[in-house]
Amino acid sequence: MESTCWRPGADFIALRLRADLLARIRAFFAERGVLEVETPALSAAAITDPNLASFAVSYTGPGPRHGWTLYLHTSPEFPMKRLLAAGSGSIYQIARVFRDGEAGRLHNPEFTLLEWYRVGFDHHRLMDEVTDLTTELLAGSVPLAEPERLSYRAAFQRYLGLDPHRATVAELAAGAERFAVPIPPGMPTNDTDPWLDLLLTHRIEPRLGAGRLTFLHDYPASQAALARLRPGDPPVGERFELYLNGIELANGFRELGDAGEQRRRFEAENAARRALGLPEMPVDEHLLAALAAGLPDCAGVALGFDRLAMLAAGKKSLGEVLAFPLDRA
Amino acid sequence: MATYSTNEFKSGLKIMLDGDPCAIVENEFVKPGKGQAFNRVRIRNLKTARVIERTFKSGDSVEGADVVDVDLQYLYNDGEYWHFMDPQSYEQLTAAAAAVGDAAKWLKEEAICQVTLWNGVPLSVAPPNFVIMTIVETDPGVRGDTSGGGGKPATLETGAVVRVPLFVQSGEVIKIDTRTGEYVSRVKE
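Protein chains in written order, with our numbering: chain A, 1 to 329; chain B, 1 to 189.
Treat the hints with caution; some may be incorrect.
Stated by the list, open to error - Computed footprint of chain A on chain B; a stretch qualifies when at least three of its residues, placed anywhere within it, have a C-beta under 8 angstroms from a C-beta of chain A:
id, segment
1, 33 to 43
2, 56 to 69
Claimed, not checked - Ranges between beta-carbon positions, derived for each pair:
id, chain 1, residue 1, chain 2, residue 2, range
3, A, R105, B, P153, 41 to 47 angstroms
4, B, E137, A, P185, 35 to 41 angstroms
5, B, D78, A, P185, 22 to 28 angstroms
6, B, K47, A, D100, 34 to 40 angstroms
7, B, A98, A, P185, 25 to 31 angstroms
8, B, K47, A, P185, 44 to 50 angstroms
9, B, G101, A, I13, 21 to 27 angstroms
10, B, T134, A, P185, 51 to 57 angstroms
11, B, T3, A, T4, 29 to 35 angstroms
12, A, R105, B, G101, 32 to 38 angstroms
13, B, K47, A, L326, 31 to 37 angstroms
14, A, T4, B, G101, 53 to 59 angstroms
15, A, T4, B, R42, 57 to 63 angstroms
What the hints assert, rightly or not - Far from chain A by the CB rule (all over 12 angstroms, computed), these chain B residues:
id, residue
16, V30
17, V121
18, G150
19, E182
To be clear, the hints were calculated from the coordinates, so they are not data collected in a lab.
Quick caveat: nothing in here was measured; it's all calculated off a predicted structure.
Quick reminder that beta carbons are idealized off the backbone N, C-alpha and C, glycines included.
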């Protein structure tokens with residue numbers, strides 16, 4: 001094993017497929033007049049989401065960030081929104097992003113995200129475009145039935161008989177027992193989100209996107225992340241995720257443009273970090289200033305390129321489509 | 001004993017679960033697009049050999065189990081306990097019937113066995129993959145008789161019963177694969 005670790009994890013068929021998919025993505029957006037951009041991987045601010053861990057690096061200088069801790073981006077979302085606020089129009093980026101603490105069959109701590117923003121689109125119109133792109137990229141390799149859209153609530157009702165917006169921790173725990181989902185030690189008794197995540201990952205996700213693109217949309221308000229809330233009973237986050245053959249491929253939002261609301265969410269996430277004993281992250285003031293200046297009405301999505309390449313190549317793990325996955329990096 | 005974070009989980013890692021020593025068979029990291037990450041783990045209870053599924057929140061820690069595999073020489077059975085010796089230190093260890101289990105029928109004196117120790121006490125015993133034993137009893141087969149095709153039962157010196165080809169006779173020495181319990185060949189001494 002030691003002696004062959006210098007060799008790539010992926011074969012050259014897979015590496016050629018990656019190159020081909022990248023070329024087709026660029027052609028797709030060129031035809032639609034979406035501008036390719038590049039934004040920095042290193043930032044003075046970082047994501048506050050307690051479930052995402054940024055790599056921190058120290059910059060010794062010279063220049064204005066001398067002696068600072070800088071963070072490798074977990075997605076290019078914040079600087080791309082600054083471009084949108086500055087008037088870029090619709091943009092896309094193929095970015096290498098970094099997430100600490102994520103490795104496995106479907107995770108590698110650095111990976112490639114295709115992220116794009118469409119000015120004037122709502123999240124449903126963006127789902128149409130995600131369908132167009134993924135259908136085109138998977139043509140000939142993965143047979144696809146008609147795409148499906150399923151609300152988060154409908155998915156929980158279909159696979160668990162539960163209403164995710166109303167169920168209590170006790171009801172969610174009973175649902176886990178009913179469907180033989182092993183309950184981890186130390187689950188909270190006052191927060192339903194980790195329970196929803198447990199049921200989603202163990203019971204629902206493996207059944208989503210069987211031979212078709214399935215969009216899960218309209219998330220609980222507590223899981224809106226950077227999406228707008230749509231008022232209602234209950235209000236829902238205008239967020240979607242794309243699944244194919246049980247694998248999550250993309251996450252999208254109708255983008256939140258309210259700087260005050262965004263600041264409140266950042267602060268709430270940092271408070272959650274404190275409660276969990278995690279370090280607080282520096283809030284991106286540039287993003288908040290850009291939102292205050294005015295973000296055009298838009299929807300954006302991040303698609304895991306390596307996972308898409310894995311499905312297109314008919315492989316079972318990311319390591320088979322990465323030239324050098326973590327264990328060979 | 002050390003504790004292990006889920007970040008250190010990998011197959012073969014020995015951890016304590018519900019008071020029993022266990023070995024991780026398979027570890028999968030799962031995470032929704034945004035939200036809590038989990039480790040879905042298949043775990044073998046080293047006492048019962050049962051495999052169960054468990055899930056941990058990623059980042060949580062579990063207690064390690066002091067479980068090691070050592071090569072020990074089987075000495076004898078005193079009717080209640082099986083006695084083994086470490087061939088390097090000459091230290092002797094005794095294993096109860098529950099630890100020896102099905103391995104008992106393959107244990108011949110002086111055989112080197114892999115013994116799994118939990119807190120220094122034998123938890124399970126794996127016999128050598130191949131053992132050489134003498135047949136003490138088998139029906140005299142008729143050469144050329146292939147009816148039945150599956151051979152005939154033969155009782156070995158330890159009491160184990162294996163199927164052997166019809167041409168193999170009492171008093172002969174044979175090689176057996178203990179993992180399948182199948183006859184491999186005759187052995188010329």
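Hints, verified against the model:
{"no.": "1", "hint": "33 to 43", "in the structure": "holds (count 7)"}
{"no.": "2", "hint": "56 to 69", "in the structure": "holds (count 5)"}
{"no.": "3", "hint": "A:R105 - B:P153: 41 to 47 angstroms", "in the structure": "holds (46 angstroms)"}
{"no.": "4", "hint": "B:E137 - A:P185: 35 to 41 angstroms", "in the structure": "violated (54 angstroms)"}
{"no.": "5", "hint": "B:D78 - A:P185: 22 to 28 angstroms", "in the structure": "violated (42 angstroms)"}
{"no.": "6", "hint": "B:K47 - A:D100: 34 to 40 angstroms", "in the structure": "holds (36 angstroms)"}
{"no.": "7", "hint": "B:A98 - A:P185: 25 to 31 angstroms", "in the structure": "holds (28 angstroms)"}
{"no.": "8", "hint": "B:K47 - A:P185: 44 to 50 angstroms", "in the structure": "violated (20 angstroms)"}
{"no.": "9", "hint": "B:G101 - A:I13: 21 to 27 angstroms", "in the structure": "violated (48 angstroms)"}
{"no.": "10", "hint": "B:T134 - A:P185: 51 to 57 angstroms", "in the structure": "holds (53 angstroms)"}
{"no.": "11", "hint": "B:T3 - A:T4: 29 to 35 angstroms", "in the structure": "holds (34 angstroms)"}
{"no.": "12", "hint": "A:R105 - B:G101: 32 to 38 angstroms", "in the structure": "holds (34 angstroms)"}
{"no.": "13", "hint": "B:K47 - A:L326: 31 to 37 angstroms", "in the structure": "holds (34 angstroms)"}
{"no.": "14", "hint": "A:T4 - B:G101: 53 to 59 angstroms", "in the structure": "violated (39 angstroms)"}
{"no.": "15", "hint": "A:T4 - B:R42: 57 to 63 angstroms", "in the structure": "violated (28 angstroms)"}
{"no.": "16", "hint": "V30", "in the structure": "violated (5 angstroms)"}
{"no.": "17", "hint": "V121", "in the structure": "holds (27 angstroms)"}
{"no.": "18", "hint": "G150", "in the structure": "holds (39 angstroms)"}
{"no.": "19", "hint": "E182", "in the structure": "holds (31 angstroms)"}
Comparing the model with each earlier hint shows violations of hints 4, 5, 8, 9, 14, 15, 16; every other hint is respected.
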